[in-house]
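Enquirer: Chains A and B supply the protein sequences, listed in that same order.
Everything in the first sequence is counted per our numbering, starting at 1 for the first residue and increasing by one.
Everything in the second sequence is counted per our numbering, starting at 1 for the first residue and increasing by one.
The hints are simulated quantities; they were obtained by calculation from the structure and are not laboratory data.
There may be inaccurate statements among the hints.
In silico DSBU-like pairs for lysine-lysine, Cα to Cα no more than 30 Å straight-line [unchecked claim]:
#1 B:K100 with B:K122
#2 A:K189 with B:K40
#3 A:K37 with B:K180
#4 B:K92 with A:K67
#5 A:K158 with A:K179
#6 B:K122 with A:K67
#7 A:K243 with A:K207
#8 B:K180 with A:K218
#9 A:K118 with B:K100
#10 B:K165 with B:K92
#11 A:K245 with B:K100
#12 B:K54 with A:K37
#13 B:K39 with B:K60
#14 B:K103 with A:K158
#15 A:K243 with A:K37
#16 A:K67 with B:K39
#17 B:K122 with B:K92
#18 B:K127 with A:K37
#19 A:K243 with B:K180
#20 B:K187 with B:K69
#21 B:K60 with B:K34
#22 B:K122 with B:K69
#23 B:K187 with B:K127
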Amino acid sequence: MLTKRIIPCLDIKDGRTVKGVNFINLRDAGDPVELGKAYAEQGADELVFLDITATVEKRKTLAELAKRIAQNLNIPFTVGGGIGSIADVEILLDSGADKISINTAAVKRPELITELAKSFGNQFVVLAVDTRFDGTDWFVYLNGGRTATTIKTIDWVKEAQERGAGEILLTSMNHDGTKNGFAVELTAKISENLSIPLIASGGAGTKEHFSEIFTTGKADAALAASIFHFGEILIPDLKLFLKQKNIAIR
Amino acid sequence: MIAIIDYNAGNVRSVKFALDRLNVESEITSDFDKIIRAKKVIFPGVGEASTTMKFLEDNKLNSLITNLKQPVLGICLGMQLLCNFSEEGNTKCLNILPNKVLKFVGNQKIPHIGWNRIFDLKGDLFKSIEDGSHVYFVHSFFANLNVNTSATCNYIYNFSAALQKDNFFAVQFHPEKSGKIGEQILKNFIAF
Numbered sequence: 001m002l003t004k005r006i007i008p009c010l011d012i013k014d015g016r017t018v019k020g021v022n023f024i025n026l027r028d029a030g031d032p033v034e035l036g037k038a039y040a041e042q043g044a045d046e047l048v049f050l051d052i053t054a055t056v057e058k059r060k061t062l063a064e065l066a067k068r069i070a071q072n073l074n075i076p077f078t079v080g081g082g083i084g085s086i087a088d089v090e091i092l093l094d095s096g097a098d099k100i101s102i103n104t105a106a107v108k109r110p111e112l113i114t115e116l117a118k119s120f121g122n123q124f125v126v127l128a129v130d131t132r133f134d135g136t137d138w139f140v141y142l143n144g145g146r147t148a149t150t151i152k153t154i155d156w157v158k159e160a161q162e163r164g165a166g167e168i169l170l171t172s173m174n175h176d177g178t179k180n181g182f183a184v185e186l187t188a189k190i191s192e193n194l195s196i197p198l199i200a201s202g203g204a205g206t207k208e209h210f211s212e213i214f215t216t217g218k219a220d221a222a223l224a225a226s227i228f229h230f231g232e233i234l235i236p237d238l239k240l241f242l243k244q245k246n247i248a249i250r
Numbered sequence: 001m002i003a004i005i006d007y008n009a010g011n012v013r014s015v016k017f018a019l020d021r022l023n024v025e026s027e028i029t030s031d032f033d034k035i036i037r038a039k040k041v042i043f044p045g046v047g048e049a050s051t052t053m054k055f056l057e058d059n060k061l062n063s064l065i066t067n068l069k070q071p072v073l074g075i076c077l078g079m080q081l082l083c084n085f086s087e088e089g090n091t092k093c094l095n096i097l098p099n100k101v102l103k104f105v106g107n108q109k110i111p112h113i114g115w116n117r118i119f120d121l122k123g124d125l126f127k128s129i130e131d132g133s134h135v136y137f138v139h140s141f142f143a144n145l146n147v148n149t150s151a152t153c154n155y156i157y158n159f160s161a162a163l164q165k166d167n168f169f170a171v172q173f174h175p176e177k178s179g180k181i182g183e184q185i186l187k188n189f190i191a192f
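Chain A extracted, bound-state conformation (with noise of 0.2 Å):
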């Protein structure tokens, strides 16, 4: 059976992880190779690596870092953050990055996921999405999360679907950092709609968040951060739980 997916996401800039780590036995947790190296060792099924810099001028910096990420890393990652364009794309899939992400980019330029599922084939493009509801519907954030939009999520990731994107990366704003748990009945309705997979982010807390949003929200993945680097929940800990709860982990 097809496991559910547990995936840390690591913020860089200028080529350091920026949230605060708290890892034990790590030489230099701002390094984003040992600390991913670390997360793979301790069960890690992916891992996701957001360039929060992303400035033209920090692109070569990113593309070597994925470099080193991909010589030292023997499970699959994505690369994030400030994509716009093919060539930023093939400078990266020519570092090894197994998948990368885009988001403001896609909204601004459909064609952008049409041109980059053509080119490099669809498991290769992640459509990230950072959504926000506002009393009525769920909308669509650009640069992250600063620029509202009147476009609707359910109708942005179909469209991205028919484009050619081979996973969504779906970010509530009402539930990241709140530590609360996933949205779970957003991620649910988005994932019956869609046929590729669909991973969550935003509102991890507690090992019975990641339960619920496999089951309930019906994620095909689940993507957190700071509960990861401080510590809170340890990789083991939560695949050991998931696995009593009858969900396929590896």
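Given chain A, put chain B in place with the hints provided.
Expert: Frame of chain A; chain B shown alone:
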């Protein structure tokens, strides 16, 4: 030396990095001489079947691969291209393995992305690998089961997670991305 066939497909570099981690000498190359003289050959790849097959034909890599006598390992699309036919672009493939490659059709999510278990492991490629081990898959097409099946997996259908015929080995999953299990499978291939 292990030759990794360079044919304009994705994922080639990941395989090279995995061999580097195992301290095995390898080279990404499309040089006929180097490929023929290599101790072993890896035929990796992520991409679309018909365009990739056309690239192989245009560069005469099709007959080169078919006539290789040393151990050859096809990975993912590489495995599918070793079969006789793929529904992806209705492509006539290399026909080294008499399998058909079909598209997943069903209610479940496609592509089949993530870690799944492999069973019915046969042959030295899976030496010391436990039945039911998890490996990493990313694919929308699969090879059917037949006498050449050396590992099975279940997603919507039971399909061939690995194939073997004579000196040709092939895996649908990505050993280079499958953690310690994948490393062991690559080590087994290297040890042939």
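Enquirer: Next, verify each hint and record whether it holds.
Expert: Comparing the hints with the structure gives:
Taking the CA atoms of B:K100 and B:K122, the gap is near 20 Å; set against the 30 Å cutoff, the hint holds. Taking the CA atoms of A:K189 and B:K40, the gap is near 49 Å; set against the 30 Å cutoff, the hint is violated. A threshold of 30 Å between alpha carbons decides the hint, and for A:K37 with B:K180 the separation of about 12 Å falls inside it, so the pair holds. Using a Cα cut-off of 30 Å, the hinted pair B:K92 and A:K67 is violated, with the two alpha carbons roughly 35 Å apart.
With a C-alpha separation of about 28 Å, the suggested pair A:K158 and A:K179 falls inside the 30 Å cut-off, and the hint holds. The straight-line distance between the Cα atoms of B:K122 and A:K67 is roughly 34 Å, outside the 30 Å bound, and the hint therefore fails. Proximity of A:K243 to A:K207 is assessed by CA-CA distance (about 11 Å); at most 30 Å being required, the pair is judged to hold. Taking the CA atoms of B:K180 and A:K218, the gap is about 29 Å. The hint holds against a cut of 30 Å.
Pair hint A:K118 plus B:K100 holds up; C-alpha atoms about 24 Å apart against a cutoff of 30 Å. Note on B:K165 and B:K92: the hinted pairing holds, with a Cα-Cα distance of about 19 Å set against a maximum of 30 Å. About 38 Å separates the Cα atoms of A:K245 and B:K100, which puts this hinted pair outside 30 Å; it is violated. Between the alpha carbons of B:K54 and A:K37 the distance comes to roughly 38 Å, so the proposed pair goes past 30 Å and is violated.
About 21 Å separates the Cα atoms of B:K39 and B:K60, which keeps this hinted pair within 30 Å; it holds. Of the pairs offered as hints, the one joining B:K103 and A:K158 holds, with about 21 Å between alpha carbons and a cut-off of 30 Å not exceeded. A hinted pair counts as satisfied when its Cα atoms are at most 30 Å apart, and A:K243 with A:K37 qualifies at roughly 23 Å. Restraint check: the Cα-Cα separation between A:K67 and B:K39 comes to about 27 Å, which is no more than 30 Å; the hinted pair holds.
Our distance criterion of 30 Å between C-alpha atoms is met by B:K122 and B:K92, whose separation comes to about 27 Å. With a CA separation close to 26 Å, the supplied pair B:K127 and A:K37 stays within the 30 Å bound. As the CA atoms of A:K243 and B:K180 are separated by approximately 20 Å, the hinted pair is consistent with the 30 Å bound. The straight-line distance between the Cα atoms of B:K187 and B:K69 is roughly 20 Å, inside the 30 Å bound, and the hint therefore holds.
A distance of roughly 15 Å separates the Cα atoms of B:K60 and B:K34; the hinted pair therefore holds under the 30 Å criterion. Between B:K122 and B:K69 the alpha-carbon distance is near 21 Å, which keeps this suggested pair within the 30 Å criterion. At most 30 Å may separate the alpha-carbon atoms for a hinted pair to count; B:K187 and B:K127 meet this at roughly 10 Å.
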